[in-house]
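Input sequences plus hints: build the corresponding full structure.
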Amino acid sequence: MSQNSSLRVLVVDDEPLVRDMLKELLKDLGYDVVALASGGHSAIEKTNIYKPDVVCLDINMPDISGLDALASIKTISANIVVIMVTANNDVGTVQQAIRTGADGYIIKPFKSQDIDNAIRKALSKRQKS
Numbered sequence: 114m115s116q117n118s119s120l121r122v123l124v125v126d127d128e129p130l131v132r133d134m135l136k137e138l139l140k141d142l143g144y145d146v147v148a149l150a151s152g153g154h155s156a157i158e159k160t161n162i163y164k165p166d167v168v169c170l171d172i173n174m175p176d177i178s179g180l181d182a183l184a185s186i187k188t189i190s191a192n193i194v195v196i197m198v199t200a201n202n203d204v205g206t207v208q209q210a211i212r213t214g215a216d217g218y219i220i221k222p223f224k225s226q227d228i229d230n231a232i233r234k235a236l237s238k239r240q241k242s
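Once you know that position 99 of the sequence shown is 212 in our numbering, the rest is easy, because the numbers rise by one and skip nothing.
Each hint should be verified, as a subset may be incorrect.
Derived BS3-like pairs (lysine-lysine); straight-line CA-CA distance at most 30 Å [said to hold, decoys possible]:
#1 K238 / K224
#2 K187 / K241
#3 K221 / K159
#4 K241 / K224
#5 K187 / K234
#6 K238 / K159
#7 K238 / K136
#8 K187 / K238
#9 K241 / K164
#10 K140 / K159
#11 K221 / K187
Because the hints were derived from the structure by calculation, they are not lab data. Quick caveat: nothing in here was measured; it's all calculated off a predicted structure.
Structure (structure tokens):
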């Protein structure tokens with residue numbers, strides 16, 4: 114059994130194909146994908162319900178931005194690791210995400226190892242602090 118299997122993950126992306134692909138990548142890496150969300154409001158709601166350890170969160174979504182959802186998720190629990198997974202590589206947006214509490218930032222397209230590395234790095238930082 115993988116050490117990742119105890120980590121509960123919420124995947125948030127408004128694109129069904131990306132959401133499903135990310136879910137399968139995470140499952141293949143041994144993570145427990147507990148829920149999927151297609152927007153920011155749903156992400157906040159599912160964070161309250163499922164209490165994930167990790168949230169993989171898109172920035173550009175139709176209802177509220179991933180940055181607004183990030184702020185709300187961190188209010189629910191500052192201990193949730195939030196990895197931004199987005200096509201937006203604007204430096205200002207990356208800096209804003211980090212200031213808002215993002216624990217990692219991955220640019221689409223990505224490899225499964227990118228996701229795993231970002232989650233592990235964020236968790237490692239948490240354990241050291």
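Verification of the supplied hints:
1. K238 / K224: holds (22 Å)
2. K187 / K241: Holds: K187 and K241 sit about 19 Å apart, inside 30 Å.
3. K221 / K159: holds (23 Å)
4. K241 / K224: At roughly 26 Å apart (the allowed maximum being 30 Å), K224 and K241 satisfy the hint.
5. K187 / K234: holds (18 Å)
6. K238 / K159: holds (25 Å)
7. K238 / K136: holds (24 Å)
8. K187 / K238: Satisfied, since the Cα-Cα distance of roughly 16 Å is no more than 30 Å.
9. K241 / K164: holds (22 Å)
10. K140 / K159: holds (18 Å)
11. K221 / K187: holds (23 Å)
In summary, the structure agrees with every hint in the numbered list given earlier.
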